[in-house]
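Enquirer: So the sequences go chain by chain: A and B. The opening position of the first sequence corresponds to residue 1 in our numbering, with each subsequent residue numbered one higher. The opening position of the second sequence corresponds to residue 306 in our numbering, with each subsequent residue numbered one higher.
It is possible that part of the hints are untrue.
Straight-line alpha carbon distances no greater than 16 Å define the calculated EDC-like cross-link-like pairs of lysine to aspartate or glutamate that follow [said to hold, decoys possible]:
| # | chain 1 | residue 1 | chain 2 | residue 2 |
| --- | --- | --- | --- | --- |
| 1 | B | Lys548 | A | Glu171 |
| 2 | A | Lys302 | B | Glu551 |
| 3 | A | Lys272 | B | Glu551 |
| 4 | A | Lys272 | B | Asp317 |
| 5 | B | Lys336 | B | Glu369 |
| 6 | A | Lys130 | B | Asp317 |
| 7 | A | Lys130 | B | Asp525 |
| 8 | A | Lys302 | B | Glu544 |
| 9 | B | Lys336 | B | Asp317 |
| 10 | B | Lys472 | A | Glu171 |
| 11 | B | Lys472 | A | Asp299 |
Output of the computed footprint for chain B on chain A, the stretches with three or more beta carbons under 8 Å from beta carbons of chain B [as the list claims (entries may be wrong)]:
| # | segment |
| --- | --- |
| 12 | 77-91 |
| 13 | 100-114 |
| 14 | 284-290 |
One-sided and incomplete, this derived list gives chain B residues near chain A with beta-carbon spacing under 7 Å [as the list claims (entries may be wrong)]:
| # | residue |
| --- | --- |
| 15 | Gly358 |
| 16 | Gly412 |
| 17 | Glu467 |
Calculated from the structure, these hints are not laboratory results. Predicted model only: the values in this text are computed from it and were never measured. No residue lacks a Cβ here, since even glycine has one placed at the ideal position from N, Cα and C.
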Amino acid sequence: MSTTIIAEQQEEGIHSTLPQLVHAASVIGGECTVIIPGGGGESEASEIVGVDRVLKFNGSCFSVFDSQSWSSALKGSVGGTVLLASTPRGRELGASLAAELGMSVVQDVTSISEGINVERPVFSGKAIEKVTISSPAVITIRANSLDSAGNGGSAPISTIDSGEDLRMAVEEAITKASEKIDVSEADIIISGGRGLGDVSNFEKLEEVASTLGAAVGASRAVVDEWGLPHSMQVGQTGKTVTPSLYIAVGISGAIQHLAGMRSSSYIVAINKDPEAPIFTVADYGIVASWEDALPVLHDSIKALP
Amino acid sequence: MKVAVLIKQVPDTTAKVGIISGSVDEGAISKWSISPYDEYALESALSLQSGSGATVVAITLGPERSSKSLIDAAAVGADELLHVVHDGALGSLSLQKALSEAVTRVGAEVVLVGKQAADTNSGSTGPGVAKILNYSCVGLVSRIEAGSDGFEATRSTPSGIERVSVKLPCVFAFDKGDVELRRPNVRGIMMAKKKPIERITLADLGVDSTGEGVSTTSVDYPPEKPEGQRFEGPDSAAEVATKLREEANVI
Chain A
1 MSTTIIAEQQ EEGIHSTLPQ LVHAASVIGG ECTVIIPGGG GESEASEIVG VDRVLKFNGS
61 CFSVFDSQSW SSALKGSVGG TVLLASTPRG RELGASLAAE LGMSVVQDVT SISEGINVER
121 PVFSGKAIEK VTISSPAVIT IRANSLDSAG NGGSAPISTI DSGEDLRMAV EEAITKASEK
181 IDVSEADIII SGGRGLGDVS NFEKLEEVAS TLGAAVGASR AVVDEWGLPH SMQVGQTGKT
241 VTPSLYIAVG ISGAIQHLAG MRSSSYIVAI NKDPEAPIFT VADYGIVASW EDALPVLHDS
301 IKALP
Chain B
306 MKVAVLIKQV PDTTAKVGII SGSVDEGAIS KWSISPYDEY ALESALSLQS GSGATVVAIT
366 LGPERSSKSL IDAAAVGADE LLHVVHDGAL GSLSLQKALS EAVTRVGAEV VLVGKQAADT
426 NSGSTGPGVA KILNYSCVGL VSRIEAGSDG FEATRSTPSG IERVSVKLPC VFAFDKGDVE
486 LRRPNVRGIM MAKKKPIERI TLADLGVDST GEGVSTTSVD YPPEKPEGQR FEGPDSAAEV
546 ATKLREEANV I
């Protein structure tokens, strides 16, 4: 069994999940090839222990994310089990490649062991599905679920030119003004719900977030009612998140919200209603009004040595 | 122009998911609904219907009970209904082949689908169907507009959003859009009950459902969390901050 990893770019470098994908490849065993569509970060990739070779793909089709063109361009170089990060793009490209290669696809895997046996959350985390994969398939792996392979390798890098055409053109790209951290990739998330009373109080969460280097999330209720961007929504119809720390402020904990965040390593809940369902998943539940408790929490965090 | 909307019936997101001996207890699901992202796909199809006179064909694949989601789609305006009746597990590739054949059968050049279903959470169907049909594919779409020479779609990207132009035929996989979903009125509900549903099987589509080397061995509840610690009053937040550092080691 061999593996092919399709790496993803993050700004100018390689996506932070690549060492985790290499770790997954080492569990499966055999030769590990890393493909970098469009190039960028290939020397970083070549230094990860366990990578046997790096293929950098050049071609005009890589200027725009186009899963259909990319999977056509890459298909000839892909062998064995195919691994991608379970990002929105990784999932789309993974599904496209699987269909291209006539293979099954198993998305959003959170654990992998020899066999190949994997686990993946379904119903947004209300249940866990165990899957056995007995022939080559495409597997996407959720960020921060697995260990990372170390550094110190020196795999050879080669370049392949692709003449594949794009099937779409970008007419207009709008970059978000802020440098805000995305909730699906954040290690710490602080989320607000209806209990905040008013959308302007999200500023208070932003302040704590900037101290912690956290992302700010929101419940579905306030995304819908206060017009916050859907990208902030945590829950069954928003993002499913697994940060190491999730702080829920003024969120009662609807079943759909719990589904999206219950797998976080540690959960802090601040709510004045002691019966709020959010407390059933909280490691540290603070029964108090957020107006009083959040400043204390913030000051105490700042005062930590 | 024919627009196909691929919809999946899933347990309503408010429903409790019970598990009996390694499988989801479907009999105990209190309510089944159209998967939420598919509703955005349906809404966009209906906008094309009113804007460009498109014929909207709702297609679902699933057991008998899934007909209800087609009737719900008809109640808000879907013109034609196609049910690929199949009970039991189906690998991602067989599923995509069946839906691709269904799209070909109805002759749709525009295919709208939710970015992922609320039960499996996979998101493989749209891109997979596009590949099998050799259609273009745009994912994470929040809105589409018919242009003179194809379509324009707004999709989210890691750094923001972008508007792309794409020629037909094309599959669009929908994220939650900033549109209001239409609700059925009484007349729509009455008419929908009379609308014929074309019912076909995988065999009719020439697709077999034999194994693909991927099988679900069991479905379980997520591991139980140990009971958390409870603190009263705002001043306790200071203690929690200390515990986050010293006990949990997360800040």
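Enquirer: Please verify whether Lys472/B and Asp299/A have alpha carbons no more than 16 Å apart.
Expert: violated (55 Å)
Enquirer: Hey, Lys336/B versus Glu369/B, does the alpha-carbon distance stay inside 16 Å?
Expert: The hint holds at about 15 Å.
Enquirer: According to a criterion of three or more residues whose C-beta lies within less than 8 Å of a C-beta of chain B, is the segment 100-114 of chain A covered?
Expert: With 8 residues closer than 8 Å to chain B, the segment 100-114 of chain A meets the three-residue bar; holds.
Enquirer: Is the straight-line distance between the alpha-carbon of Lys302/A and that of Glu544/B 16 Å or less?
Expert: Given pair Lys302/A, Glu544/B holds - Cα atoms ~13 Å apart, limit 16 Å.
Enquirer: Is the hinted pair Lys130/A and Asp317/B satisfied, with a Cα-Cα distance of at most 16 Å?
Expert: violated (22 Å)
Enquirer: Go check the segment 284-290 of chain A versus chain B for me, would you? Three or more residues, Cβ under 8 Å, otherwise it fails.
Expert: n = 6 at 8 Å, threshold three: holds.
Enquirer: When you check the alpha-carbon spacing of Lys272/A and Asp317/B, does it fall within 16 Å?
Expert: violated (29 Å)
Enquirer: Holds or violated: Lys548/B with Glu171/A, Cα cutoff 16 Å?
Expert: violated (50 Å)
Enquirer: Classify the hint on Gly358/B as holds or violated, based on whether any CB of chain A lies nearer than 7 Å to its CB.
Expert: Check failed: Cβ of Gly358/B comes no nearer than 25 Å to chain A, outside 7 Å.
Enquirer: CA of Lys302/A to CA of Glu551/B, is that 16 Å or under?
Expert: holds (15 Å)
Enquirer: Are the Cα atoms of Lys130/A and Asp525/B separated by 16 Å or less?
Expert: holds (8 Å)
Enquirer: With the threshold set at 16 Å, check whether the alpha-carbon distance from Lys272/A to Glu551/B stays at or below it.
Expert: It is violated: about 25 Å lies between the C-alpha atoms, which goes past 16 Å.
Going down the numbered hints, you'll see the structure goes against 1, 3, 4, 6, 11, 15, 16, while the others check out.
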